[in-house]
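K.L.:
Line by line, the protein sequences are chains W and Z.
Using this note's numbering, read the first sequence as starting at 187 and increasing by one per residue.
Using this note's numbering, read the second sequence as starting at 186 and increasing by one per residue.
There could be a bad hint or two in this list.
Claimed, not checked - For the chain W half of the interface with chain Z, some residues (derived, Cβ under 10 Å), not all of them: (1) 206; (2) 232; (3) 237; (4) 249; (5) 257; (6) 274; (7) 278; (8) 281.
These are calculated hints, taken from the structure and not from any lab test.
Quick reminder that beta carbons are idealized off the backbone N, C-alpha and C, glycines included.
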Amino acid sequence: MELANIEKLIEKYLNAATSLQEEATLENYFTQGDIAPHLQEYEALFYYFAKNKEEIFTETIQLDTKKRPNKKLKWLSIAASIAVLVSVFIGNQEYRKYQNEKTFAQVSNALQLLSFNLKKGESAIAKVQTYENTINTILK
Amino acid sequence: MKTRDATGFYQNNEIRKINATMKQSDFLKMVFPFKNKVFRFAKRLLASTEEAEDATQELFLKLWKNREKIVDYKNIEAFAMTMTKNYCYDRLKSKQASNLTLIHSDYKEKETSLDKKIEYRDSVNQVHRLIQKLPEQQKMIIQLRDIEQYDYDEISKILGMQPTAVRVALSRARKTIRQELTKTHNYGVS
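The whole structure should be built from the sequences, with the hints applied where relevant.
P.N.:
So, in structure tokens, the structure goes:
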């Protein structure tokens, strides 16, 4: 394809006056690699058009609403199951902590009771001690 | 579909019968030739592959549910493209309403590492950005003409515009792109 013709076609192309065939000619020229220096700015444009024609829809068309997996729902369910797992884990931890606190409270209560009773005994012993001391001083 | 006019009424009735009892496989065979066009058109408008995939699925489901009405439309492909346009417009509107912004995925080249220069890849990316920046109508016309190679009558049918208006908008779009490309080319700004 001679250059003069390409230049003419470019002019027509910009005025939206080219036929589909002429536009195919342009695309061929600009994607074959050997392009006149002053026309190089068009290379990327026609290369882009050519490449975009090749893009395809890779999924299979689903006509049954039930079968069609909803992507957003899928992600939502993944997020929900993670949330459940995390909350079970944290809940379990909290429950254990609570159980521990409860046992600690019970034990410390019991110990307090014990120490209270022991103190009672101690004061009784102390009384006996003073009594004994007094007796000793008298007897001496 | 295009030979229908030759025998007119009789064939029309034939098609109506087929549509009423149409199986999924027949329908899929019928829409197969233009499923990629629908997808690319949706992607141009929604600017995201995932959104475009969802839109394409949704669209064919809609078309399947309305299959009995299809017979009333002379050109199913053009009808499907119009539906795509309307569906994408609705999507865009609801996105705006819910204040969500669309993720604009940049155009990605698949076999870049082979032998293309980075500079060259940049200019192809630039073409993508320039087209995405065009007004919606011009963007659609560029897509339908320069990528899908529809003739002006088909484009005017799909978009509900006068053929002359299509040409004017197309010329404007092409000139805008050219102008920007020339600027970059001359000043070496990327």
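K.L.:
Please list, smallest to largest, the hint numbers that this structure does not respect.
P.N.:
6, 7, 8
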